[in-house]
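Chain A is fixed; fit chain B onto it per the hints.
Protein sequence lines correspond, in order, to chains A and B. Quick note, the first sequence lines up with residues 1 to 287 if you use my numbering. Quick note, the second sequence lines up with residues 1001 to 1278 if you use my numbering.
There could be a bad hint or two in this list.
[Unchecked claim] If you want the footprint, here are the derived chain A segments under chain B, 3+ residues with CB under 8 Å:
1. 50-60
2. 85-96
3. 103-113
4. 144-157
5. 202-210
If you are wondering where the hints come from, they were derived from the structure by calculation, not from laboratory data. As the structure is a prediction and not an experimental result, all values here were calculated from the model. All C-beta atoms in this analysis are idealised placements derived from N, C-alpha and C, irrespective of residue type, glycine included.
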Amino acid sequence: MNAIEIDGITKDFTPGLFGAKVRALDGVTLRIGAGEIVGLLGPNGSGKSTLLKIVVGLLAPTAGACRIEGVPSGRVEARRGVGYLPEAPDFCPHLTGFELVLFHARLGRAPRAGMKERVEAVIARVGLVEVMHRRIGTYSQGMRQRIGLAQALVTDPRVLILDEPTAGIDPVGAAEIGAMINRFKTQGRTVLLSSHSPGQIEDLCDRVALLDHGRLVLQERVDELTRQGGRTALLVDPLPEGVLGELRGWLQARGVEFHGVEMPRSRLERVFLETVGRRSKGGDERS
Amino acid sequence: MNRVAFSLARMNLIAGNTFREAVRQRLLPLVILVAAAMTGSAMLFRDFHFGSSELKFVMDVGFGALTFFGAILSIVASAQLFFSEIERRTVLTVLAKPVWRAEFILGKLGGVLLLLLVYCVLVTTLLAGLLWWCETALMKADPGAFEAGRTVAYAGLVWCGLVQWLKLGVLAALTLLVASYARSSLFAVLAGFFALVICQLQSLARDYYGMMDSSLARGGLELLGLVFPNFQLFDVADRVAAGGTLSIGLIGGIAAYALAYLSVYGGLAVYCFRHREL
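In isolation and in its complexed conformation, chain A is listed as follows:
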């Protein structure tokens, strides 16, 4: 059975009483298997958040149907095994991180026995255990996003719906959240996440669904899309003068077409992660 089934979802919004109808989603169909990580990719306004809200049952579709583990997503029962992180949530600044996650654990009917220990364990998993008794108003944006992830995880959901989980977070925080999402896969959880960053989808997801103006224009396995037409790249130390010409001749003599030479550069993100990540390893972002 698929974990999430989206069948021909169309969603129209009518702004105001007499506004013209705006079509946010147009006949989107998508199947997500259990244990799969699927990324919704698309520019701003392409309908990613609207689709995720329909999947969680927060919005009713104009047409079509959506089911989570076989249960129509509009029903309260469908949300029993779901964890959801909306885009840039701004939790009550007067609550502490612990109080917030405990509140969500109780709402989500987490078992009463050992509930506080479970809450602490989830907060530890998102790396906020040292600040969990501080008010959320004192948290940085990254810490708020991580406490949001903790509230989504506290009921031990089988299906996770994450709307821009790394929005507003620095590369170190984003990499940590990415590592966490990768762990969900090994735990057999299904993840549907949205992003407008192709790099993030490429790093995290098994499959990508590309939305544009409310239409699903492409869905494919990430490794299929990123494979480059059977070409091979060699990475070698700097070549002495003249060797490149010899190498080219040697390859052509064997019928191998030579396409060009590139000087590989470190990605700035990797340099940042290696430098800052090393320094802050084991610590949290502090506000």
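Below, chain B alone, put in the same frame as chain A:
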């Protein structure tokens, strides 16, 4: 598939969280402070009591402050605590759990009712303490006037506080009903204050309907008038201030009247919120 039933426990959890948020936002302490200052200031103006007795003057000002600041608290807290969840998108995280929308909106109402109860208890207690202190001072100054004992009916004060809480609760439910379909908290607050004026003037409007010749128009308008409660029915403080008592029948009647409006407004708020796009 097991059905998720409506849960009072989850509703109470949301109510508790709403109450905690209101207290930590310092909304309640601020309003209590202002109401207490207003009540206490009655002591400074005792000489300007316009012919009524000193204790009655303190009681009038006290209940006036309780009702006035309570109405502000009721309207602002209902609109603000609801819209803060919408604007911060935290309502999405709550409703993404197996939670009925009815549990959420009734939980919000429950939290505001608890807030108003704490407010009414504290301000009524303060007023009772102030009256006791005043009365004791007067008894010492003029023992002859108090030969029959204390004149203030303190039990009546408690019932007055309870009735004011019911009135403020109805106002909170009405504001929450507006908030459940409104798009901004400012609209909900303004509508709440307009509703307060309409409810206060209901008795005048009903007198006017009563004088109309056409029974059809009179009946239609009276029916329309039922949309808003008559807040004059809740003004029992004058009766207590005049030394009268409040019968159980009267209190029960007012409570039933308030509960009927609370149920209708609460039910309509649930209906509107169920169909609201978040």
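Status of the hints after comparison with the structure:
1. 50-60: It holds, with 6 qualifying residues against the three required.
2. 85-96: holds (count 10)
3. 103-113: Contact hint for the stretch 103-113 of chain A vs chain B: holds, 6 residues under 8 Å.
4. 144-157: Satisfied; 4 residues make the cut.
5. 202-210: Coverage by chain B is violated here, the residue count being 0 at a Cβ distance below 8 Å.
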